[in-house]
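Residue-level listing of the chains:
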Amino acid sequence: MSSMEIDEAGRESARQPQPDPALPARVIDVWDPLVRLIHWSLALAILLDGFVLEENLLHEWVGYAALGLVAVRLVWGVVGSAPARFSAFPPSPAAAFRHLRAILSGDRSAHLSHNPLGALMAYNLWLSVLAVCATGVMMTTTAWFGVEWVEEAHEAAFAWVMASVALHLIGVALDTRRTGVGLVRAMVDGRKSVPAGVRVE
Amino acid sequence: MKLPRLIAITGERRAWALAAVILVQGLCALFFAADVAFDFTERGASGSAHLALEAVAAAALAAGTLFLMAELRRLLTRQEALRRGVMAARGEMAEVIDGFFDRWRLTPAERDVALMALKGLDNDAIAEVRGAAAGTVRAQCARVYAKAGVDSRAQLMSVFIEELLAEPLSRERGKA
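Listed in order, the protein sequences are those of chains A and B.
First residue of the first sequence: 1, per full-length UniProt numbering; consecutive thereafter.
First residue of the second sequence: 1, per full-length UniProt numbering; consecutive thereafter.
This is chain A alone, in the form it adopts within the complex (with noise of 0.2 Å):
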């Protein structure tokens, strides 16, 4: 029976490449209203505040909104709706590795939550832009003002946020065309339209 197992394994791996013809096209709900409005709401806020309120006075603002925004995303990382939940990505470097060789060896399985790269873009996006929060706020206090190495870090945390951006981007465009479903259509409808022959994870 083990032998058998083997033998069955072997077949499944073998065959993983290729569309499975008994999985038909679907659509999945996967993102709910607050995760996209978090989503475009901070994608928003890290435009205005890097590229269109550098010198003015709502820069301020528009940084604590961002730092709410992720505040909030957090907290709904806990209670929320279950692919919006850190458990259904959680942050494995492992996962990622071993998600990548996938990808690489022709695997077009789609992920309902994110996949295990765009997870961890996920954790490392909302990490930066709170690092980009940080030492904006402690710029204002008395106790940080002027001081030369925390704007030096405001802006180093900003460029990382902007060269994540553009890797995400990238991601996005490439797992697209990898797996045929529509990312940026799922953040906007909240729907992943999986084309048939395609495994969900």
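Simulated from the structure, these hints should not be mistaken for laboratory data.
Some hints here could point you the wrong way.
Where chain A lies over chain B, by a calculated footprint (3+ residues, C-beta under 8 Å) [as the list claims (entries may be wrong)]: (1) 18 to 26; (2) 68 to 81; (3) 102 to 115; (4) 149 to 157.
Non-contacting residues of chain A with respect to chain B, defined by C-beta distances greater than 12 Å in every case (computed) [claimed, not checked]: (5) Asp29; (6) Leu67; (7) Ala94; (8) Glu148; (9) Val165; (10) Ala173.
We put the CB at the ideal spot given by N, CA and C, even for glycine.
Please arrange chain B on chain A, whose structure you already have, making use of the hints.
Only chain B this time, still in chain A's reference frame:
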């Protein structure tokens, strides 16, 4: 089919309204909490009655936000159940089954086996159709049960029978 559709749309609208209120109220709670903390570090305990009142207000806002989050989650869960109930009632049982199989993260082989099990084939018959050993099919069935959180074939069936009973639909209708 008009009524469930209408319910789904109003549900969607309510979810959006709730999400927006959660966001605004959450931001307000954080703002007032930060204000209280700032005032406290600045002025210490002087004017503590005022500070205490502000702290209570901030805590109440935060608690309200958490409550609304729980409410939104309940609403989303109910909408999902409603959607599945409508699909089952429309005879789109195959899609409902696929949805469950996706959520349980069944492999293609496990999907085949689970579907045949649902159609009433026993392990030997499934093994014959798939050209596999009965032991392999038994092991696959066990994995399907574990992923679905059930103990037996009958319980696996009952997961889908439950959808056909459309309990949430009738409850919604009673309310509307």
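Hint by hint, here is what the structure shows:
no. : hint       : result
1   : 18 to 26   : holds (count 6)
2   : 68 to 81   : holds (count 7)
3   : 102 to 115 : holds (count 8)
4   : 149 to 157 : violated (count 0)
5   : Asp29      : 7 Å, violated
6   : Leu67      : 7 Å, violated
7   : Ala94      : 18 Å, holds
8   : Glu148     : 24 Å, holds
9   : Val165     : 21 Å, holds
10  : Ala173     : 24 Å, holds
Consistency with the previously given hints fails for numbers 4, 5 and 6, ordered from lowest to highest.
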